[in-house]
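The chain contents come next:
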Amino acid sequence: MGLDIAVAGEHVKDATAFHLPFGIHLDLPLIDLGTIQVPGGTFPFSLFGAGREVIEIPLRIQLTKFMVIELAVAVLMFLIFIPMAWHLRGGRPPRGRLMTFFDAILCYIRNHVARPAIGEHEAGRFLPFLWNVFFFVLFCNLMGLLPWAGSPTGSLSVTGVLALLTFGAVVGAGIQEHGLLGYFKGLVPRMDMKGALGIVLVIMLWFIELAGLCIKHAVLAVRLMANMFAGHLVLAVILSFIAAVASMWMILWFGVTVASVAGQVALMMLELFVAFLQAYIFTFLAALFIGMSVHQH
Amino acid sequence: MALFRQVLPLVLGGLLICAGPQRIVSCAESHAERGEANVAESVNPLDFKADLALWTAVVFVGVLVVLRKFAWKPLVEALDQRENHVRQEILEAENANQEAKRLLAEYQKRMAAVEGEVRAILERARKDAQTMSEELIAKARQEAEAEYQRKLAEIEQAADQALKELTQRSATLAVELAGKIISARLDPAAHQRIIEQALGSIAELKPPKLN
Chain A
657 MGLDIAVAGE HVKDATAFHL PFGIHLDLPL IDLGTIQVPG GTFPFSLFGA
707 GREVIEIPLR IQLTKFMVIE LAVAVLMFLI FIPMAWHLRG GRPPRGRLMT
757 FFDAILCYIR NHVARPAIGE HEAGRFLPFL WNVFFFVLFC NLMGLLPWAG
807 SPTGSLSVTG VLALLTFGAV VGAGIQEHGL LGYFKGLVPR MDMKGALGIV
857 LVIMLWFIEL AGLCIKHAVL AVRLMANMFA GHLVLAVILS FIAAVASMWM
907 ILWFGVTVAS VAGQVALMML ELFVAFLQAY IFTFLAALFI GMSVHQH
Chain B
22 MALFRQVLPL VLGGLLICAG PQRIVSCAES HAERGEANVA ESVNPLDFKA
72 DLALWTAVVF VGVLVVLRKF AWKPLVEALD QRENHVRQEI LEAENANQEA
122 KRLLAEYQKR MAAVEGEVRA ILERARKDAQ TMSEELIAKA RQEAEAEYQR
172 KLAEIEQAAD QALKELTQRS ATLAVELAGK IISARLDPAA HQRIIEQALG
222 SIAELKPPKL N
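One line per chain: the protein sequences are A and B, in this order. 657 is the number of the first residue of the first sequence in our numbering; add one for each residue after it. 22 is the number of the first residue of the second sequence in our numbering; add one for each residue after it.
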């Protein structure tokens, strides 16, 4: 059996089943709630079923590994932060190692990410979003280090949505602060240019700025996805070396196994670091973008 | 959270527009149909699955909405309160520290004053004690002198007395002795005269000074 990147990649990608040891495949169900029918003119469905009298929307969704893991992350966040909020109410100090650990992270994001980027007074408004992004991304990243689980953040579908929601928060914050027109006008800094050339330049700059705004958020999605995907793919490939040489000489197989496991351990530690780093970078950049749209110049 | 109430429908609507109901179904169906067959499919990290995206949006926003109410907002408040509390405590501690320093300086000043006072009192007491002892010594010396003089006078008196008695007795003895010697030739009248003469001459004698 040769080395197949696709086989290794299958363990990094989303799947419709959990592959457990001893060949156990835990297949995830297809949830079918039937179809609902809406009149043809209903927005936004009218955009697709143009001309039809009745549009059928099937409520069917195939559960996947990443969906289940995301649900687990959601439950984990509920279990950690709701009791914690209760314990810390009224400015009480944290108790216990776990709570102190999360308290330190919360305080770090508040004092060293949100406040410098957004400003002392406005930071509080965006902290829920930033905390939510950080811990959602972090827990999704860390899930990839658990056996038989995976990182939802290794999929562009997940990071893309996170980036899109961040984009929504950034633009929404800007609109809330400066008004719809004010925000989009403020994308281009005020310049002292007279005549037709000035107008042309400002219009061109406006489009460049708008493209930049979109690209920044797209890169946010790609960066997180690439980091998680690549890291896990490398782990999978190094592990698949063992399988690749399994049918060869015993001594070769033994040597490769030892080297491969050692490499796994080292890379796992790197991945642990990357999981925290990428969650931090995503949150930091989101805070920076929010700050830039709240304080445009 | 007016912000998210504005943005959320936009995002979800956008997702629906991007994905489209048909695509969601086709994705789900292809997932179900392919099953194990997709193992051989090449790994493309950029493939976008609308169902997973929609699921992620729902889960993320759901978590955000729930935790906003039950965790994030209370935590923001709690951290603000803690910060204010700590700031207040530090301010109070600084004030208390300054107050303590002021009090310390005041007490030190007072202590220095009291120390001077104490030293003056001790000095005076020492001087008093000295004068008193000197007086006592002088008085004692005086008394001793007086006692001495009195004793001396007594001794002198006693010596005087003794001498007088001795003189008297020795005169009597001498007269008796002389009478015995010359008793035959002396009448009582002459005898008496001689005694008086002898007494008179003795009385003129002064006892010698003792010192």
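Hints listed in this document are in silico derivations from the structure and should not be mistaken for laboratory results. It is possible that part of the hints are untrue.
Said to hold, decoys possible - Label pairs and their calculated CB-CB ranges:
(1) 98(B) x 732(A): 18 to 28 Å
(2) 687(A) x 102(B): 39 to 49 Å
(3) 111(B) x 742(A): 25 to 35 Å
(4) 932(A) x 125(B): 44 to 54 Å
None of these values were measured; they are calculated from a predicted model. Glycine included, every Cβ here is placed at the ideal spot set by N, Cα and C.
How the hints compare with the structure:
1. 98(B) x 732(A): 18 to 28 Å: holds, 23 Å
2. 687(A) x 102(B): 39 to 49 Å: holds, 43 Å
3. 111(B) x 742(A): 25 to 35 Å: Holds - the Cβ-Cβ distance for residue 111(B) and residue 742(A), about 27 Å, lies within 25 to 35 Å.
4. 932(A) x 125(B): 44 to 54 Å: Check passed, 49 Å falls within 44 to 54 Å.
Figure legend: structure checked against the earlier numbered hints; every hint is met.
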